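Participant: Dock chain one against chain two, each of which comes alone in its own frame, and use the hints as you go.
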Amino acid sequence: MMDILRQPWPWYVAGAIVGLTVPALLLLGNKHFGISANLRHACAACLPANIKFFKYDWKKEVWNLFFVAGILLGGFLAAQFLTNPEPVTVAPALLAELKTYGIEDHSQVLPRELFSLEGLLSLRGLVMLVGGGFLVGFGARYAGGCTSGHAIMGISNLQLPSMIATASFMAGGFLMANVILPYILKL
Amino acid sequence: MPGVLNKIPLPEKKEKSKIDNDYEARALDTICVNESHLQHKWYHNLKYALVGIFFGIAFTKAEIISWFRIQEMFRLQSFHMYGVIGMAIVVGMISIALIKKYNVKTIYGEKIEFHPKKFNKGQIIGGVLFGLGWAMTGACPGPLFAQIGAGFLVIIVVLLSAIAGTWVYGYFREKLPH
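The listed protein sequences correspond, in order, to chains W and F. Per the working numbering, the very first residue in the first sequence carries number 80; after that it's consecutive. Per the working numbering, the very first residue in the second sequence carries number 1136; after that it's consecutive.
If you are wondering where the hints come from, they were derived from the structure by calculation, not from laboratory data. A portion of the hints provided could be inaccurate.
To be verified - Simulated crosslink set (SDA-like; lysine to any residue; CA at most 20 Å straight-line):
{"no.": "1", "chain 1": "F", "residue 1": "Lys1182", "chain 2": "W", "residue 2": "Leu152"}
{"no.": "2", "chain 1": "W", "residue 1": "Lys265", "chain 2": "W", "residue 2": "Leu254"}
{"no.": "3", "chain 1": "F", "residue 1": "Lys1310", "chain 2": "W", "residue 2": "Pro127"}
{"no.": "4", "chain 1": "W", "residue 1": "Lys265", "chain 2": "W", "residue 2": "Gly210"}
{"no.": "5", "chain 1": "W", "residue 1": "Lys134", "chain 2": "F", "residue 2": "Ala1299"}
{"no.": "6", "chain 1": "W", "residue 1": "Lys138", "chain 2": "F", "residue 2": "Lys1182"}
{"no.": "7", "chain 1": "F", "residue 1": "Lys1253", "chain 2": "W", "residue 2": "Ile234"}
{"no.": "8", "chain 1": "F", "residue 1": "Lys1182", "chain 2": "W", "residue 2": "Leu144"}
{"no.": "9", "chain 1": "F", "residue 1": "Lys1236", "chain 2": "W", "residue 2": "Leu107"}
{"no.": "10", "chain 1": "F", "residue 1": "Lys1176", "chain 2": "W", "residue 2": "Leu106"}
{"no.": "11", "chain 1": "W", "residue 1": "Lys265", "chain 2": "W", "residue 2": "Leu199"}
Since the model is a prediction, treat every value here as computed from it, not as a measurement.
Isolated chain F, as found in the complex (with noise of 0.2 Å):
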């Protein structure tokens, strides 16, 4: 029997680059993996369309939408957005620190990941390409989709723009350094 195990070849060790199945594509850096074994219908998703909309309404009522608000932001003119941003780390530490020493489950009782993150170039060579136009448009990808919704239609310019960007991105980003 030992003879016939040991005929079975061994798992090919894989670059770690290569994108061998779905979940590591998708694991690549959306940090988005956890996958719920459990089945929903479509409408389950409505719930997260609801947070977003609390979510929508904030960002637009407390002008974290607006052109200027950034602009001060980047200038020193102003405490606002230092304010939201600090205090939306503040109380989102807070509830990850809790839901681990609690070990809280989702409202289906799955446990809740959490996955660290890895270094790579990238973060200081991208980071640095999305603050140039994080000052230029006034808006991260949050208050694109807001601002879009409050009427300002030209932002459907900026979103494909963006898109258009993600995807030139994925086009050359073997090539790009890590």
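Next comes chain W alone, as it looks inside the complex (with noise of 0.2 Å):
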């Protein structure tokens, strides 16, 4: 059984965890599933600076921040006690192109060469971590969600704008990852 856990686990396992979320949620509190808001939270309760768009009370959505710390220790949880000693499996045309920019170690789900302190202090792995973050906290609150408040919960509940951000969402990572990461990854 530990076994099986320790694998990496199908996609369907997964899959139907998550989206076993949305009722858990809804059921628990009828709070609705949504993780960037926390970003948001974040702000409002660190520096509103006045700013209209964080002056709410964000100790009313204190549950999410309860749900993002439990996510962070889940996955504290899971590697502790449920690790893979094997390296990550990696399609073979991904690994011969991440070979050609350096990128070679595929021991664990990230990256050494981009993701540690020796790669932030790289010029292409400071655009990576620093503009990547950027991006993501800027867009998914100018999209009004990100994957798991529009791709999951919005689209579960048929709404046309979830399905147009999700469809947004592709076509910014198909042109980063196809297009414009590969000048990134050479820097």
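Facilitator: Structure follows, in structure tokens:
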């Protein structure tokens, strides 16, 4: 049993658990699944700076901060007790491509060449981590939600704006991964 | 009496873009606006943390937090992420349909509410910007937290940057096309 749990979980198991989060939060307290809102609550709590967008009682949304604290703890528990000692399987084509940029480490889910202190201090790492993070936060709020709020909760509730947002997420992702990212990785 | 009533000023019609009160400020685009009338102690929130734990474990074990899986998704080199998101949507859709059909209540007996979303240009412009960032960091906001928990402490920088991005959006919100 533990061996099965330690292996990478198949998509249908993980997908079902992620999907069940939607009714779980609704049944437990009428809460709508959405994670990027927490970034806004962080702004409202720490630096509202008299900006209307951040002037609200974030304490009413504190359940969501508990939810992400749980996600963090879940990541910790999985990494501590359910580690898979094998390297992460990566599509051969992707491995070959990354090798041309000097990225060869796939012992863990994030390549060390980019996601480490040394990576952060390199130009490409700085662009990807700081620039990428900025776009994730800016874009998610501009779009009114991220993958959880739009792609999963919104589409599950048959909302056309969420389908448009999800299509836009994918468009941006394809553009970055295939057209722009190769230039960044060459930095 | 009717004369007196006429003198009561009608509430002014307010512009749609104005944030009139706390509820509206949150409703603008944070979807969580359902306010429970029940007052609970703080520890009632622990049940949401428990849901988060399951969610975080699934994220980590299915490698949704992996930069490689996201790169494969956007290069059409793997079905994995499409399977995860597709499965999640199907399960979510069936759950919501059942909740609506049978008028299922929360564990406190409250009616479960849904709010329709309005279209605005931000969903396209912001959506594309989000996608660009997603393919760079290999993480949307949920996995960021799981990655930090899994021991990738450098991701704290990404999270802080995402919070900064959110703040800058809030600062320029009125000037951006919506």
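Participant: If a hint holds in the structure, say so; if it doesn't, say that too.
Facilitator: Consistency of the hints with the structure:
For the hint pairing F/Lys1182 with W/Leu152, the CA-to-CA distance comes to about 13 Å; that is within 20 Å, so the pair holds. A hinted pair counts as satisfied when its Cα atoms are at most 20 Å apart, and W/Lys265 with W/Leu254 qualifies at roughly 17 Å. The suggested pairing of F/Lys1310 with W/Pro127 holds, with an alpha-carbon distance near 18 Å, which does not exceed 20 Å. At most 20 Å may separate the alpha-carbon atoms for a hinted pair to count; W/Lys265 and W/Gly210 meet this at roughly 16 Å.
A threshold of 20 Å between alpha carbons decides the hint, and for W/Lys134 with F/Ala1299 the separation of about 16 Å falls inside it, so the pair holds. Between W/Lys138 and F/Lys1182 the CA atoms are separated by roughly 17 Å; this keeps the pair inside 20 Å, and the hint holds. For the hint linking F/Lys1253 to W/Ile234, the alpha-carbon distance of about 13 Å falls within 20 Å, and the restraint holds. In summary, the hint linking F/Lys1182 to W/Leu144 is supported, as the alpha carbons are separated by about 12 Å, within the 20 Å threshold.
Simply put, F/Lys1236 and W/Leu107 have alpha-carbon atoms about 18 Å apart, close enough for the 20 Å limit, and the pair holds. Of the pairs offered as hints, the one joining F/Lys1176 and W/Leu106 holds, with about 18 Å between alpha carbons and a cut-off of 20 Å not exceeded. With a C-alpha separation of about 15 Å, the suggested pairing of W/Lys265 with W/Leu199 holds against the 20 Å cut-off.
Checked against the numbered hints given earlier, the structure satisfies every one of them.
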